[in-house]
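Each chain, letter by letter, is given below.
2 protein chains.
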Amino acid sequence: MAMALETPGLLSLAAGFTDNKTLPVGEVRTAVEELAQQPGEPEYLQYGTNRGRPGLRRLLAERLAALEPGLAVEALDAGMMVTNGSQQALYLAMQVLCDPGDIVLVDRPSYFVFLEMLTGLGVQARSLPLDGDGRIDGEALRRLLADMEARGETKRLKAVYFVSYFSNPSARSLAEVEKTVLAEVLAERGLTIPVLEDAAYRDLYYRQPYAARSVLTLPAWQAFPKLYLATLTKSFATGLKVGYGFCSDRAWLDKMLHVKGHHDFGTANFNQAVFERVIGDGGFEAQLARIRPAYEAKMRSLHGTLEAEGLPALGWRWAEPTGGLYLWLEAPRALDTGMNSEFCHACVREGVLYVPGDLCFGDDAPRHFARLSFGVLGGDELIQAARRFVTVARRFA
Amino acid sequence: MAMALETPGLLSLAAGFTDNKTLPVGEVRTAVEELAQQPGEPEYLQYGTNRGRPGLRRLLAERLAALEPGLAVEALDAGMMVTNGSQQALYLAMQVLCDPGDIVLVDRPSYFVFLEMLTGLGVQARSLPLDGDGRIDGEALRRLLADMEARGETKRLKAVYFVSYFSNPSARSLAEVEKTVLAEVLAERGLTIPVLEDAAYRDLYYRQPYAARSVLTLPAWQAFPKLYLATLTKSFATGLKVGYGFCSDRAWLDKMLHVKGHHDFGTANFNQAVFERVIGDGGFEAQLARIRPAYEAKMRSLHGTLEAEGLPALGWRWAEPTGGLYLWLEAPRALDTGMNSEFCHACVREGVLYVPGDLCFGDDAPRHFARLSFGVLGGDELIQAARRFVTVARRFA
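Read top to bottom, the protein sequences are chains A and B. Per our numbering, the very first residue in the first sequence carries number 1; after that it's consecutive. Per our numbering, the very first residue in the second sequence carries number 398; after that it's consecutive.
Don't read these hints as lab results, they were simulated from the structure. Heads up, the beta-carbon is just placed ideally off N, CA and C, and yes, glycines get one too. Where hints are given, some of them may not hold.
Quick list of in silico lysine to any residue cross-link-like pairs, SDA-like style, CA-CA up to 20 Å [what the hints assert, rightly or not]:
{"id": "1", "chain 1": "B", "residue 1": "Lys418", "chain 2": "A", "residue 2": "Glu33"}
{"id": "2", "chain 1": "B", "residue 1": "Lys652", "chain 2": "A", "residue 2": "Thr119"}
{"id": "3", "chain 1": "A", "residue 1": "Lys21", "chain 2": "B", "residue 2": "Glu431"}
{"id": "4", "chain 1": "B", "residue 1": "Lys652", "chain 2": "A", "residue 2": "Gly120"}
{"id": "5", "chain 1": "A", "residue 1": "Lys255", "chain 2": "A", "residue 2": "Glu34"}
{"id": "6", "chain 1": "A", "residue 1": "Lys21", "chain 2": "B", "residue 2": "Gln434"}
{"id": "7", "chain 1": "B", "residue 1": "Lys652", "chain 2": "A", "residue 2": "Glu116"}
{"id": "8", "chain 1": "B", "residue 1": "Lys418", "chain 2": "A", "residue 2": "Lys255"}
{"id": "9", "chain 1": "A", "residue 1": "Lys21", "chain 2": "B", "residue 2": "Asp678"}
{"id": "10", "chain 1": "A", "residue 1": "Lys255", "chain 2": "B", "residue 2": "Thr516"}
{"id": "11", "chain 1": "A", "residue 1": "Lys255", "chain 2": "B", "residue 2": "Val510"}
{"id": "12", "chain 1": "B", "residue 1": "Lys418", "chain 2": "A", "residue 2": "Lys21"}
Coverage of chain B stretches by chain A, computed from C-beta distances (three or more under 8 Å per stretch; other residues unrestricted) [as the list claims (entries may be wrong)]:
{"id": "13", "region": "542-548"}
{"id": "14", "region": "682-696"}
{"id": "15", "region": "759-768"}
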């Protein structure tokens, strides 16, 4: 894909990159200028701590407390860890929880970089079963867990992972009731295993936040060790690469920090200082206020072009998202849009890239889904890319 | 130690941090300002690539080619990988080469964070034997390798690691003849195992570079897979956290990049863009020209105070370094200066911290060494710290 992305003329609806035109050039410049002018020694250019800059951790705790009423800032601060993007937090979590051969429950579809990481660690992904409406199916989950127990797999089940707000790839959010059912069914079986809630896109709603508490405050999850992850970079500037995790379990957090000490002994202090400043002075929220309508407009452009060009009439279905960076398209069941499919090759030849949906399933992957991102492209290029996609879809109809 | 460092009044000769007063505030501010003003889209705030920014990799290849005549810039560029400090390159190298129970040969003494990382990965360190002058002893190494073979350990020997210029902790540099003997003895036994040369302090000479080629150009190492590591942050601004490695072996490099993709899929692009600019416009070399005499002056202050206060008369010995951030002190053999020793506790009570030397040995650790850093402290504080240290030494004489 890296090579394809460098091919001139090719338009990428694949890359999960963010919009270049709205990147916060002024905010970053001002933050660095202010850091340079502050009195005293320029500690922001010195090593930080393994766990993350105390001032930033505090601001992150305050932001999270505002999202999740009832949690104390002090407790959130005490469990906060700053990482090289939320990706590093995911890696650390899996590295310390899992051995090769272990099993992790994942949402269906799920974040494909996480799934690839599991493969790299020799860990198996098992999909959370869905009902006919695409929601987590408690009864089917009961049967899955019973089957796993019968096969002696339960002792190798180490965690459950999902992207809960405007998900990558599905753009869907998990309702409170779904998360609660999941916890209840696990608890019934005594499986109070660590849960990873990936809230990477929670800030990226278009009009209003998705109204669902996270596992941190949903009562059904109380007895579970919890890691709530998010990133500052998708919402601000991906080039700054700062993510974070709040971990409710001290022993788990300490293990992750121990390994992080070996990985890099701390995320770049400079970047954390920039975020401390832009969050503290309101620049972070101002940037969010700018990009939310920008992404909504780009979503509507892609969505509208696919509709106007007649993709629904070809039997394709998708939901219009209310946040995030993706459209998740379901092709007619008989059409193979998967990796290395004829359709996939035809799209590259037509000059448009997408993420084959089969990459986004932990197991039992259907081959008639596609993830289209409107993060990078905009304007005429986005419309052109959408037209090329529908041109290929028409040819395969 | 983290707690001790925050205790007011305590002076740290322990932390391997760099000098705050000479941090390149102006260079960083200017670089960010210029990035903000460049025409076109602000790609420096967007995701970069897993392997590192092409322009920076090229500059790093050019710098390395200038240090190691005979190597082609293109070949260096092709093997270059940018990481979250050189620490991440060390971790990736060990993660892909070693399984628990494996063995790595290390210099004596060695970088204690590397040794801790090996412990974390379940890997054993075995020290390279030294002669009476403290140089790598080829004959003793032959005997060690023969013993290892007799014990069936050779197949678990996966790599050799050393810090070769103004080392942490010893401040010593490895002569070409030492590196060559090491390669020859390994090759005699058919052990052309991967070699990691950690050149983190190569830029930090005081008056002139240490005249020794690295394993990249020393003929005896030609057949070995080689990873040459260095950092931009010790030499410029530790808060920016960018290191790099050049790997001569494509398969090894690909494995490291694969795992890096799971760790974080790329080091912060913004930081790499700052380095691309400051290296490209000469700011990086200018900063080096500023800090070299500053560190030499601090070294002389610490060294001179220890001498003037009479530490040599108490039986302590050390070499005056010609680069780097450390003094490596040998106490009288009977004096225990190791971790949790009476001497160590007395120093904390006196208000001075150092790194107990026993932490810096892969095995068979002597307990009468101490690493003193003049990286952070300066002026009266450095002198005061040195006096406190000698006060304690006098009490234990």
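Comparing the hints with the structure gives:
Our distance criterion of 20 Å between C-alpha atoms is met by Lys418 (chain B) and Glu33 (chain A), whose separation comes to about 18 Å. Straight-line distance between C-alpha atoms of Lys652 (chain B) and Thr119 (chain A) comes to about 14 Å, which keeps the hinted pair within the 20 Å bound. Only pairs whose Cα atoms come within 20 Å are accepted, and Lys21 (chain A) paired with Glu431 (chain B) is accepted, the gap being roughly 18 Å. Simply put, Lys652 (chain B) and Gly120 (chain A) have alpha-carbon atoms about 11 Å apart, close enough for the 20 Å limit, and the pair holds.
Under the criterion of a C-alpha separation no larger than 20 Å, the hint pairing Lys255 (chain A) with Glu34 (chain A) is inconsistent with the structure, at around 36 Å. With a C-alpha separation of about 14 Å, the suggested pairing of Lys21 (chain A) with Gln434 (chain B) holds against the 20 Å cut-off. Annotation: proposed proximity of Lys652 (chain B) to Glu116 (chain A) holds, straight-line Cα distance about 14 Å (limit 20 Å). A distance of roughly 35 Å separates the Cα atoms of Lys418 (chain B) and Lys255 (chain A); the hinted pair therefore is violated under the 20 Å criterion.
Distance check on the hinted pair: Lys21 (chain A) and Asp678 (chain B) sit about 27 Å apart at the alpha-carbon level, beyond 20 Å; violated. A distance of roughly 14 Å separates the Cα atoms of Lys255 (chain A) and Thr516 (chain B); the hinted pair therefore holds under the 20 Å criterion. A threshold of 20 Å between alpha carbons decides the hint, and for Lys255 (chain A) with Val510 (chain B) the separation of about 17 Å falls inside it, so the pair holds. Simply put, Lys418 (chain B) and Lys21 (chain A) have alpha-carbon atoms about 37 Å apart, too far for the 20 Å limit, and the pair is violated.
A stretch counts as covered by a chain when three or more of its residues have a beta carbon under 8 Å from one of that chain; for the region 542-548 of chain B and chain A the count is 0, and the coverage is violated. Counting residues of the region 682-696 of chain B whose beta carbon lies closer than 8 Å to any beta carbon of chain A gives 0, which falls below the threshold of three, so the coverage claim is violated. Look at the region 759-768 of chain B against chain A: 0 of its residues bring a Cβ nearer than 8 Å to a Cβ of that chain, fewer than three, so the hint is violated.
In terms of the numbered hints stated before, the structure departs from hints 5, 8, 9, 12, 13, 14 and 15, listed from lowest to highest.
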